[in-house]
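K.L.:
Please arrange chain B on chain A, whose structure you already have, making use of the hints.
Heads up: the protein sequence lines correspond to chains A and B, in order. Mapping of the first sequence onto my numbering: residues 14 to 239, in sequence order. Mapping of the second sequence onto my numbering: residues 3 to 243, in sequence order.
These aren't lab readings, by the way, just hints derived from the structure by calculation. None of the values given here were measured: they were computed from a predicted structure. Warning: the hint list may mix true and false statements.
Calculated from the model, a selection of chain A residues having no Cβ within reach of chain B, i.e. all distances over 10 Å [as the list claims (entries may be wrong)]: (1) Asp-16; (2) Leu-73; (3) Leu-170; (4) Asn-172; (5) Ile-175.
Lysine-lysine pairs mimicking PhoX-like chemistry, simulated, CA-CA at most 20 Å apart [unchecked claim]: (6) A/Lys-155 <-> B/Lys-94; (7) B/Lys-121 <-> A/Lys-155; (8) B/Lys-94 <-> A/Lys-164; (9) A/Lys-179 <-> A/Lys-42; (10) B/Lys-5 <-> B/Lys-76; (11) A/Lys-155 <-> B/Lys-97; (12) B/Lys-5 <-> B/Lys-20; (13) B/Lys-121 <-> B/Lys-94; (14) B/Lys-97 <-> B/Lys-156; (15) B/Lys-129 <-> A/Lys-236; (16) B/Lys-94 <-> A/Lys-137; (17) B/Lys-28 <-> B/Lys-76; (18) A/Lys-137 <-> A/Lys-66; (19) A/Lys-155 <-> A/Lys-66; (20) B/Lys-28 <-> B/Lys-182; (21) A/Lys-155 <-> B/Lys-76; (22) B/Lys-97 <-> B/Lys-121; (23) B/Lys-80 <-> B/Lys-5; (24) B/Lys-156 <-> B/Lys-80; (25) B/Lys-94 <-> B/Lys-129; (26) B/Lys-121 <-> B/Lys-156.
C-beta atoms are modelled at their ideal positions from N, C-alpha and C, and glycine is treated no differently.
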Amino acid sequence: MIDAITTSLFTPIGEDGLIGIYLILNGLKVTLIVTFFAMIMGSILGVATTLMKMSSKWYLSWPANLYVSVIRGTPVVVQLVILYFIVLASLDVDKITAAIIAFGLNSGAYISEIIRAGIQAVDKGQMEAARSLGLSHWSTMKEVILPQAIKNILPSLGNEFIVLLKETAVIGFIGGVDLMRAGEIIRSRTFEDSVPLFTCALIYLLLTYIFTFMLSKFETRLKQSD
Amino acid sequence: MIKINNLHKSFGDNQVLKGISEQINKGEVVSVIGPSGSGKSTFLRCINLLEQPTAGDILIDDQSITAADACVDKLRQKVGMVFQNFNLFPHKTVKQNITLAPVKLGVMNQQEADEEADKLLTQVGLKNKADAYPSSLSGGQKQRVAIARALAMKPDLMLFDEPTSALDPEMVGDVLDVMKSLAQDGMTMVIVTHEMGFARDVSDRVIFMDGGYIVEQGDPEALFSHPKEARTQEFLSKVLR
Chain A
14 MIDAITTSLF TPIGEDGLIG IYLILNGLKV TLIVTFFAMI MGSILGVATT LMKMSSKWYL
74 SWPANLYVSV IRGTPVVVQL VILYFIVLAS LDVDKITAAI IAFGLNSGAY ISEIIRAGIQ
134 AVDKGQMEAA RSLGLSHWST MKEVILPQAI KNILPSLGNE FIVLLKETAV IGFIGGVDLM
194 RAGEIIRSRT FEDSVPLFTC ALIYLLLTYI FTFMLSKFET RLKQSD
Chain B
3 MIKINNLHKS FGDNQVLKGI SEQINKGEVV SVIGPSGSGK STFLRCINLL EQPTAGDILI
63 DDQSITAADA CVDKLRQKVG MVFQNFNLFP HKTVKQNITL APVKLGVMNQ QEADEEADKL
123 LTQVGLKNKA DAYPSSLSGG QKQRVAIARA LAMKPDLMLF DEPTSALDPE MVGDVLDVMK
183 SLAQDGMTMV IVTHEMGFAR DVSDRVIFMD GGYIVEQGDP EALFSHPKEA RTQEFLSKVL
243 R
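Chain A with its partners taken away, still in its complex shape (with noise of 0.2 Å):
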């Protein structure tokens, strides 16, 4: 056991002398990097999404929803693959960029869903009481529907970020070095399975733990305002 947690995470293996911690935490960077910006990215394009969704003008609505159901109705591994080998082959875009603008992608169509739904949430009686006082749609939006639509929206949306961090766990797809790779890398160098493997799972474990944990502490908070 002390042996092979020595051999895989402590001794430099393979040609570049590397040790397997190095590696591991190096492959944590690169997850986090990208789960963080494809979070943001995901986020702003979620809501731009849902905006064009509810709109009446078919030419803003149809491509929004075209854009849902293709994200939603392909695994996120063939999009990456797709994006990094095919779509942006002729840039000159390093694989963890790809990574961030394919998470991303996937990432708003999932998250435009959740806001349209956190909105649909809203009894429509709220929308006809404010409405029938004289405000325009969009203060109604403002100040009564959107207020109480975040409540519905932000534990949907932390489910989606925990999601959002084990999916990039298929980067090694296209050959970045992520946690799960750099996991990989230590198996097939030091032919020691489970260390490297359950370092990777306990890692991603402990990441959405702490997650979690913070979304539940601000979910009570929000919960004391009403």
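P.N.:
Only chain B this time, still in chain A's reference frame:
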């Protein structure tokens, strides 16, 4: 004040209003009664365009509200509405519920609106609830706040859509009292209700609707005591025992 000509409303294949013509004068209190599904709520909701009429015309102060160029938001500022389910804004306090529209629409500044809210809350007997959130109020209190909220826009006309149907029986009286004093103050009111006693006491006129038509209408005393139409007699014999 309101003229309604041959109003039709369909939801898909379902014809709910099949030609309603009616006139409501300033200061008049009109109750609309009838069985469920008779179209009375739809009729009311057409008056402030929460439902878009399929055909026909509605004129308020000689201005068509169904015309393509009619400004719906402006119209609604002058037509208050009270809903069966109150529809208070749960994330705002009682006072904020009342002041939101007048301030946002530039009818009053925040200070004027606050003063107006205090006055209205006193009027509906809920002055001590100004800073409470709707979730802490009983149904009857919520509905009285909803009435105050509608009145804050100083409407010329108030629409009530079964305002007491979702209330516990013991709460009904408080809400009806507020409406009664409103009627006495000369507010023009159209009330869809199942409270026959209230309709009889407070209304200047009662309309009986069934199957998307106005079957009969008239003075409350006459309509309740001597209904002319067989359908009205049948309905009243069931609800008045």
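K.L.:
Hints first: check each against the structure and report whether it holds.
P.N.:
Hint by hint, here is what the structure shows:
The beta carbon of A/Asp-16 is kept farther than 10 Å from every beta carbon of chain B, the shortest such distance being approximately 60 Å. Listed as outside the interface, A/Leu-73 is consistent with that label: its C-beta sits roughly 22 Å from the nearest C-beta of chain B, beyond the 10 Å cut-off. Against chain B, the non-interface label of A/Leu-170 holds: every CB pair exceeds 10 Å, the least being about 18 Å. At the 10 Å boundary, the C-beta of A/Asn-172 stays outside the reach of chain B, the nearest C-beta of that chain being 23 Å off.
Distance to chain B confirms A/Ile-175 as a non-interface residue, since its nearest Cβ pair spans about 27 Å, more than 10 Å. Taking the CA atoms of A/Lys-155 and B/Lys-94, the gap is near 13 Å; set against the 20 Å cutoff, the hint holds. Between B/Lys-121 and A/Lys-155, the direct Cα distance comes to roughly 27 Å. Violation of the 20 Å bound is thereby established for this hinted pair. Restraint check: the Cα-Cα separation between B/Lys-94 and A/Lys-164 comes to about 14 Å, which is no more than 20 Å; the hinted pair holds.
Straight-line distance between C-alpha atoms of A/Lys-179 and A/Lys-42 comes to about 14 Å, which keeps the hinted pair within the 20 Å bound. Among the hinted pairs, B/Lys-5 with B/Lys-76 is consistent with the structure: their alpha-carbon atoms are about 18 Å apart, no more than 20 Å. A distance of roughly 18 Å separates the Cα atoms of A/Lys-155 and B/Lys-97; the hinted pair therefore holds under the 20 Å criterion. With a C-alpha separation of about 16 Å, the suggested pairing of B/Lys-5 with B/Lys-20 holds against the 20 Å cut-off.
A hinted pair counts as satisfied when its Cα atoms are at most 20 Å apart, and B/Lys-121 with B/Lys-94 qualifies at roughly 19 Å. Restraint check for B/Lys-97 and B/Lys-156: the C-alpha separation of about 16 Å stays at or below 20 Å, so the hint holds. The hinted pair formed by B/Lys-129 and A/Lys-236 fails the criterion: a straight-line CA distance of about 27 Å is larger than 20 Å. This hinted pair checks out: B/Lys-94 and A/Lys-137 have alpha carbons roughly 17 Å apart, not beyond 20 Å.
A C-alpha spacing of about 19 Å is found between B/Lys-28 and B/Lys-76, which places the hinted pair at or below 20 Å, so the restraint holds. A C-alpha spacing of about 18 Å is found between A/Lys-137 and A/Lys-66, which places the hinted pair at or below 20 Å, so the restraint holds. With a CA separation close to 17 Å, the supplied pair A/Lys-155 and A/Lys-66 stays within the 20 Å bound. A threshold of 20 Å between alpha carbons decides the hint, and for B/Lys-28 with B/Lys-182 the separation of about 16 Å falls inside it, so the pair holds.
Proximity of A/Lys-155 to B/Lys-76 is assessed by CA-CA distance (about 19 Å); at most 20 Å being required, the pair is judged to hold. Note on B/Lys-97 and B/Lys-121: the hinted pairing holds, with a Cα-Cα distance of about 11 Å set against a maximum of 20 Å. Between B/Lys-80 and B/Lys-5 the alpha-carbon distance is near 16 Å, which keeps this suggested pair within the 20 Å criterion. Only pairs whose Cα atoms come within 20 Å are accepted, and B/Lys-156 paired with B/Lys-80 is accepted, the gap being roughly 7 Å.
Restraint check for B/Lys-94 and B/Lys-129: satisfied, since their Cα atoms lie roughly 16 Å apart, inside the 20 Å limit. At roughly 13 Å between alpha-carbon atoms, B/Lys-121 and B/Lys-156 fall within 20 Å of each other, so this suggested pair holds.
Violated hints, in rising order: 7 and 15; the structure is consistent with all others.
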